[in-house]
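Can you make the complete structure from the sequences, with help from the hints?
Line by line, the protein sequences give chains Y and P. Residue numbering for the first sequence follows this note's numbering, starting at 6 and increasing by one per position. Residue numbering for the second sequence follows this note's numbering, starting at 1181 and increasing by one per position.
Worth flagging that the hints you see were computed from the coordinates, not collected in a lab. Be careful, since some hints might not be right.
[Said to hold, decoys possible] With a cut-off of at most 25 Å between alpha-carbon atoms, the simulated DSS-like pairs for lysine-lysine come out as follows:
1) Lys1220/P <-> Lys27/Y
2) Lys1218/P <-> Lys105/Y
3) Lys1220/P <-> Lys1202/P
4) Lys1218/P <-> Lys27/Y
5) Lys54/Y <-> Lys1220/P
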Amino acid sequence: AQSVAQPEDQVNVAEGNPLTVKCTYSVSGNPYLFWYVQYPNRGLQFLLKYITGDNLVKGSYGFEAEFNKSQTSFHLKKPSALVSDSALYFCAVRDKGDYKLSFGAGTTVTVRA
Amino acid sequence: DTEVTQTPKHLVMGMTNKKSLKCEQHMGHRAMYWYKQKAKKPPELMFVYSYEKLSINESVPSRFSPECPNSSLLNLHLHALQPEDSALYLCASGALTGRTSETVRQETQYFGPGTRLLVL
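In structure tokens, the structure reads:
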């Protein structure tokens, strides 16, 4: 079965510090991995995805993610967090059933001023 | 422009009411999705339409009835809902640049802002 895991329910960082949100995956074929962010009372916003090629993927709002095949990880990173980055973050993998996007449980990020 | 719009933003309905949620996109996307999301939880897939045909129904109760009148519109008709159906209903669309399994799996889903539904 294809799945993703986000091992941390909550991540707290100070503004200006690096932010990392962890994600590990399990797939049987090629991994297609996505990160989404959800601000309170809003829909999900696409941040970035890994399809193939460069292991470092750059996305929106200064976020990037590093694909690591040997560790089956796709961690989301931002060098310098902002208070406005406080939100719920979801990692997702495309399921073998083609259309279905399987989400992790989500990680709540709180950036304190 | 990657905008998906949903109306209404909020909806309160009784268990005997009939209502509809509407989703619209003008990006030329040929895959459209309905998700249900409970607070602080990941979205759960309900239905998938590809090229205006229902491709996936994730064993959703018949009180939820999807409809795709054309390539830009997606509706979700609601009837005789239960209080546990209260949730945020999200619509998403995807480009479907090809019809192969690999191209489908690579496409990005773009989400609308959702309709917050309360069933009394």
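Structure-based check of each hint:
Of the supplied pair hints, the one linking Lys1220/P and Lys27/Y holds, its CA atoms being roughly 17 Å apart against a limit of 25 Å. As the CA atoms of Lys1218/P and Lys105/Y are separated by approximately 18 Å, the hinted pair is consistent with the 25 Å bound. Taking the CA atoms of Lys1220/P and Lys1202/P, the gap is near 23 Å; set against the 25 Å cutoff, the hint holds. As the CA atoms of Lys1218/P and Lys27/Y are separated by approximately 22 Å, the hinted pair is consistent with the 25 Å bound.
Among the hinted pairs, Lys54/Y with Lys1220/P is consistent with the structure: their alpha-carbon atoms are about 22 Å apart, no more than 25 Å.
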